[in-house]
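Student: Using the sequences and the accompanying hints, generate a full structural model.
As you go down the protein sequences, you meet chains A and B in turn. Sequential numbering from 1 applies to the first sequence in the numbering used here. Sequential numbering from 255 applies to the second sequence in the numbering used here.
Incorrect hints may have been included.
[Said to hold, decoys possible] Only some residues are given here: those of chain A computed to face chain B with a beta carbon under 7 Å:
#, residue
1, Ser-98
2, Asp-100
3, Thr-104
4, Glu-111
5, Arg-194
[To be verified] Residues of chain B clear of chain A, computed beta-carbon distances all greater than 12 Å:
#, residue
6, Ile-447
7, Leu-448
8, Ile-452
9, Ser-492
10, Arg-495
11, Asp-524
These are calculated hints, taken from the structure and not from any lab test. Don't be surprised by glycine CBs; every beta carbon is placed ideally from N, CA and C.
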Amino acid sequence: MEPILKVENLTKVFTRKGQPDFIAVNHISFEMNQGSCLGLIGESGSGKSTTVNMITRLLDPTEGKIILDGEDITNISGRKLRKVYARMQMVFQTPTDSFDPRCTLGDGIGESLRNNGWARKDTRDEVARLLEVCGLNADFASRYPHQVSGGQCQRAAIARALAIRPKLLICDEATSALDVTVQKEIIALLNELRWKSGSDLSILFICHDIALVQQFCNYVLVMYKGDVVERGEPDEVIRNPANAYTRRLIDSVL
Amino acid sequence: MKEPTVRVQKIRKDTVRIRLIIFGTLAILLLICSVFSEYLTPYDPYLQDLANIKAAPSAAHIFGTDRYGRDMLSRVIVGSRTSIYSTLLLVAIITVTGTMIGVFCGWHGKWIDVVLMRISDIFLAFPGLVFALAVAGILEGGLQNAIIALAAISWPKYARIARSQTLAQKETPYLKAVRLSGCSTMKIIIKHILPNIIGPILVTSMLDIGTMMMELAGLSFLGLGAKPPTAEWGSMMSDTRSLLTTVPWVTMAPGIAIFISVMIFNLLGDTIRDYADPKSRGR
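Tutor: Below, the structure is given as structure tokens:
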């Protein structure tokens, strides 16, 4: 089976005047199978977010290749790139900030559908359905992001990401800004969605909590200062970490 | 515990709405006044009554008469058309052009941004009115040219605000989400960036109405704006400047008119800002 996502030698170098180049991501490569869940862990500044920003093409890579579902998306732009977003969606770290403060949650969730030619009424019905799938009441559609709690907003963000039925869902520290109980609920929701949607959905899960990754993912990459320092199944990585950083990471959590 | 919070918010929401209604009504009244100015004047504003010059305010002439015996109240009412119309037109022009340039620079970035922003720096480096004088002088005066001259020097302020706001919006997570939802650039700018940056721009332009009224009056004063006998508040004031010590009402009348309209638009600007902030709209 074709991997849903294939990343080859992905590199990002930030150049700043008068300062040495900063290598945020250094030639990383990995593959994700369809329906799998890949965990990407590492401390702040290790290049996790830069990596996903490059994968979603919000940031241009310096070097390397990104292949989504068999299509090379490294250099596409404009209309073609907008088409790609129907297969790849993202949930952000800060739920409230990830919605336009001036649009209702319903507008935000339905936006990708509207952009893909859905009628207004169909979109409204679908938004209501999605909200219910994500454990929210349908009348949340008319609320503004500052009127709901972080956990509710993150559920809405997941609804938004799933609206267009992507094949790949990227969760960039989707649970980090939430408190522990809500975190658990969101994970449960993601888990449920993963099995419900016929295992078509692949999830790239970015996190700095190795315990969470252990519960949730079937493969894990550990990033440290822009490099992938360790990879493998979560249980395996936790049982005998080969890298000193991974060991520290595990020690600090478990 | 819960009750007081709810009440406080409701009051706040209501005051904003009440203020909006009051100042909005006042501003609309001013506009109506200027639109129908011809029908509202008790006397012909251009009719000279030499038997009755420099008359003090009385029941017949509430603001008195000027040195040609023209009724000041009628002149102030007719002057509102020239003053308010030209000011609003000017502010509209600079707001729209400035914002368009600013948003374009902020969104596009790269060399276009650098070029346009350096041009705006050049404009900002000149003392405004002096530059407007030069432009109006080259264009040979007249109200229309005074508007062009002031527009030429005033857009950079708006471009600056719009650009910095756009840059700030560009980095927000929600804009990333919007891009991921497959919006075209045009849609992102019109539906998401503009509504989020328009607040400070609108307030600036509302507050600018006063300044622009003054500057237009200044140009008129120097003979580069509205030309006598056209009734325009600024030129009326400068016209009668020499009479200030002897018959103060001829200067006071347009002065008060400017003061009141500037204040109404300033307060309206503040209120619109409060209202436009979704967080103050209550939960």
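Student: Next step is simple, just say for each hint if it's right about the structure.
Tutor: Going through the hints against the structure:
1. Ser-98: It holds, given that the least Cβ distance between Ser-98(A) and chain B is near 4 Å, below 7 Å.
2. Asp-100: 5 Å, holds
3. Thr-104: 11 Å, violated
4. Glu-111: 4 Å, holds
5. Arg-194: Interface hint status for Arg-194(A): violated (20 Å vs cutoff 7 Å).
6. Ile-447: 10 Å, violated
7. Leu-448: 10 Å, violated
8. Ile-452: At about 10 Å from chain A, Ile-452(B) fails to clear the 12 Å cut-off, so the statement is violated.
9. Ser-492: Correct as stated: the minimum Cβ-Cβ distance to chain A is 45 Å, above 12 Å.
10. Arg-495: For Arg-495(B), whose nearest Cβ neighbour in chain A is about 48 Å away, the distance exceeds 12 Å, so it holds.
11. Asp-524: Fine: 20 Å to the nearest Cβ keeps Asp-524(B) off the interface.
Comparing the model with each numbered hint stated earlier shows that hints 3, 5, 6, 7 and 8 do not hold.
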